[in-house]
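Colleague: As a plain string of letters, each chain reads:
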Amino acid sequence: MSGTNNPGGEHQLPREHYLNATYGIRSWLLTTDHKRIALLYLASVTFFFFVGGIFATLIRIHLLTPAGYLVTPETYNKLFTMHGVAMIFFFLIPSIPAVLGNFLIPIMVGAKDLAFPKINLLSWYIYVVGGCFVLYSFATGGLDTGWTFYTPLSSIYSNAAVTPAVIGIFINGFSSILTGLNFLVTVHTMRAPGMTWFRLPLFVWAHYATSLIMILGTPVIAITLLLAGLERMFHFGFFNPAYGGDPILFQHLFWFYSHPAVYIMILPAMGVISEIIPTFVRKPIFGYSFIAASSIGIAVIGFIVWAHHMFLTGEATYAAIAFSFLSYLVAIPSAVKVFNWTSTLYKGSISWDTPMLYALGFIGLFTIGGLTGLFLACLGLDIHLHDTYFVIAHFHYIMVGGAVMGYVGGLHFWWPKITGRLYPEFLARTAAIILFVGFNLTFFPQFILGGLGMPRRYHNYPPEFQVLNVMSTAGASILALGYLLPMIYLTWSMRYGKIAGPNPWPATGLEWKTASPPLTENFHETPVVDWEPYDFVHRPDLGLTGSKPKLPGKLSPAHGDD
Amino acid sequence: MHRTGELYGQYKTLDQQKETATLGMWIFLVTEILFFGGVFLTYSINRHQYPTAFGVGGNMLDLFLGGANTVVLIASSFTMAMSVWSAQTSKKAWVTLFLIATLILGTVFLGVKVVEYKQKFDHHLIPGHGFDITYCSKSPAAVCGLSEKEHADEVKEVKDAIETEGGVTALNAHAQLYFSLYFGMTGLHALHMIVGAGLLLWLILESRKGRFDANYNTPVENIGLYWHFVDIVWIFLFPLLYLINRHLA
Amino acid sequence: MSENGHHIVSPKIYAAILAALLLGTWLTVQAAKIDLGRWNIVLALLIATIKMSLVILFFMHGKYSPKRTQIVIVSGFFWLAIMLGLTLTDYTTRHPEPSRSANPPAIAIHRA
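Chains A, B and C supply the protein sequences, listed in that same order.
Using this note's numbering, you'd call the opening residue of the first sequence number 7 and step up by one each time.
Using this note's numbering, you'd call the opening residue of the second sequence number 2 and step up by one each time.
Using this note's numbering, you'd call the opening residue of the third sequence number 1254 and step up by one each time.
Hint data in this document are derived by calculation from the structure and do not stem from the laboratory.
Ideal Cβ placement from N, Cα and C applies to all residues, glycine included.
Mixed in with the good hints, there may be bad ones.
[Stated by the list, open to error] What follows is a set of in silico ranges between Cβ atoms, one per label pair, in the way DEER data are often shown: (1) A:LEU76 with C:LYS1320: 42 to 48 Å; (2) B:VAL196 with C:ALA1273: 23 to 29 Å; (3) C:LEU1289 with B:VAL109: 39 to 45 Å; (4) B:GLY112 with A:THR78: 31 to 37 Å; (5) B:HIS49 with C:GLN1323: 45 to 51 Å; (6) A:THR319 with B:GLU7: 39 to 45 Å; (7) B:ASP16 with A:THR146: 29 to 35 Å; (8) C:THR1342 with B:GLU149: 46 to 52 Å; (9) B:ASP16 with C:GLN1283: 36 to 42 Å; (10) B:ASP16 with A:THR319: 33 to 39 Å; (11) C:ILE1303 with A:TRP203: 47 to 53 Å.
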């Protein structure tokens, strides 16, 4: 079994680390330690994942039969809306940045904490307050507007609890903005000596690009929802045709953020993959600078394609052609990443540990999701595929097959660092495969359904679509098992897992030179970086010298390096 | 992270701390550019669609009060910049004095806005059920505090507008759009000013402890950046809301 | 790299900028009273932009700030321009469909 530690018993947990440095609930709720804040986020995003998952379950059960007997049509509208709102705003957007990014970025750049630790804690509280507003909305009538909140349904005609939800998402936006601001400033001003831009881990580059999007895009959704909320509360008429307002304006403002938002959701996962692949292939990543540049490229180009969500609103042909072309363009940097990850595998020493399984799954599923995006960017095809299950399958391949697998894979990869313990490997690999199978069974039939014309957001469908829908629901139950298993064994491992030691894989980032779990201040002394990233050959400090990687048993603990 | 003097624990030097704080404030201001940008976009689209209604609405704003407020805010930006200069040259007493001047000017601005908002309420220009853009022109001049000439001008303007728009209902609908934007934009701006006033108050109290000098004045400078930004927003709001069709008046 | 105390802007410059801003305000009010048709808005925005630039360059020390800060400022406006500009490309190229109820088609449409 390559890539794992020598048999347990050799490693001890460090005597003092960030988890036991202080005790009591106040030390957690008033912490400014980025690692503890990451765990606070872990708890809250997991909670919202459950909430969104419950709605997904209800949707899939309802869609087992063509006539749909589980819920009324009005309730069905609420189910898919609340599924989308919970998953997108409260799980996907924060997940990797707020959990893994918060935990790792300061350590990866060699700092004691983020640039603004108190603002980091404030971000979490803002997230919680926003979440409470949205939960209140869910509990007092729900939302039936679709997660896209198109006006005038959301601002005038809906009888659901739109106002608290809109307030909640508005508030939550500031959590995103402050996190992005913190990351940007940290990467600029808090790097350790020797940590130049091109020695940064690609995880950091990915989060830097993500933070650019958070800063530039999120304020626009904030003002948009504020205007829609004002329209609903005070009958201002910006988007109301009766006053001469324009629903299309809402769509422009909404999608100006919400398209770049999907890159907020995927870029961090790509950063995770860029860390996992070199580790389990034992060689440097292929084309480091191209991957770094492509992250920035995706962030920038992602801002000029939004009107591809509006092809069917009466856009002029030439405007549509321009946006279609730009949408094809934005696929190129993503493709660059996929090519580079794949090239990294060539002549590498591949090991099949759980994080690697998730990473390989990501590459395949993201490719499918990304390519089907190009189908939708094609004007002629979009006329038929818009608002069908093809779109749903497309974005779930990217969001779930991509982002969520990146998140779960990243959790596994850094779990030893976060908790000091290893998860059970065999069970974890099994769960990864179950997840992969369940996912494809759930969403591949939806491509076919969409191509055949089944519309999205409909509570019923023609009987000839039933077989595929049943397949999809069956897949969903397997997928659910694939999620439940890690939740169970990861929790179990926090107490009973094998002690991991500082660098179980081994990997080459700065975070693997600290103890597992790390000290509150991360490092005893400020590290000085004089190595290139993903160098598995010239790292004597990690016990890696010469062409053949040494067994991990020779690794020196982090303390001895100072 | 603990603080030693003015240096917080996660930083290595005061220089790094200042660099970090200033970069953070500038990035925050960029988010504010995009935030206000959304409502400026809404304004642009709607004004392009309904120039007549926007012109009529704009002329119902008090040009003198708006202009005076602009002068007040620009002056407050000057006093804020002077406060930063005082800190950079370690003139600690002047830091506090200029900050107080800035706060006073900011408060004057907000007071004038209250007066203006009340005026709108009295003239039936709050969007909603009671909205009626013809209220002042229908009533005698004294009701809305207009001179005879101003009243006559407004009567003519409203009459022409009704004809261009094709009826009172249409004019009222589109004028409500204008006033929704007026209240939305100036309200958002005023909210930012209130936050700014709070920050100024904190700065004043801290400066009285003698905390800011040539070695350490980051909060003064960064809150100054925020204050100047709020001034810039008004520099655009003033012509866009108050100076639409003044050549007709 | 910091902008700490490397350049202290003198009160004279601040006073000059104040005067310029007040002059700009007076100018924009006067310009609004002249009928220039669709150039009124252009002129008003131009004056406002100049005033804004003065505030950024001098009051906010933009002129004396490190390159990175200047890039941040420019990026903010660049992104604003993307939002305004690209949205307007849609608005200026749309051609509203003529109303069917105002001009009913010659063929009767049967409803099932």
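Colleague: State for each hint whether it applies.
Modeller: Going through the hints against the structure:
Take LEU76 of chain A and LYS1320 of chain C: their Cβ atoms lie about 60 Å apart, and the range 42 to 48 Å is violated. Taken as a hint, the range 23 to 29 Å holds for the pair VAL196 of chain B and ALA1273 of chain C, whose Cβ atoms sit roughly 28 Å apart. About 32 Å separates the C-beta atoms of LEU1289 of chain C and VAL109 of chain B, a value inconsistent with the hinted range of 39 to 45 Å. Checking the proposed 31 to 37 Å range against GLY112 of chain B and THR78 of chain A shows it is violated: the Cβ atoms sit about 53 Å from each other.
For HIS49 of chain B and GLN1323 of chain C, the Cβ-Cβ distance of about 32 Å falls outside the hinted range of 45 to 51 Å, so the restraint is violated. Distance hint for THR319 of chain A and GLU7 of chain B: a CB-CB separation of about 54 Å, inconsistent with the stated range 39 to 45 Å. Look at ASP16 of chain B against THR146 of chain A: about 52 Å separates their beta carbons, and that is not inside 29 to 35 Å. The beta-carbon spacing between THR1342 of chain C and GLU149 of chain B, approximately 48 Å, falls within the hinted interval of 46 to 52 Å.
At about 47 Å, the CB distance of ASP16 of chain B to GLN1283 of chain C disagrees with the hint of 36 to 42 Å. For ASP16 of chain B and THR319 of chain A, the Cβ-Cβ distance of about 52 Å falls outside the hinted range of 33 to 39 Å, so the restraint is violated. The hinted range of 47 to 53 Å is not satisfied by ILE1303 of chain C and TRP203 of chain A, whose Cβ atoms lie roughly 36 Å apart.
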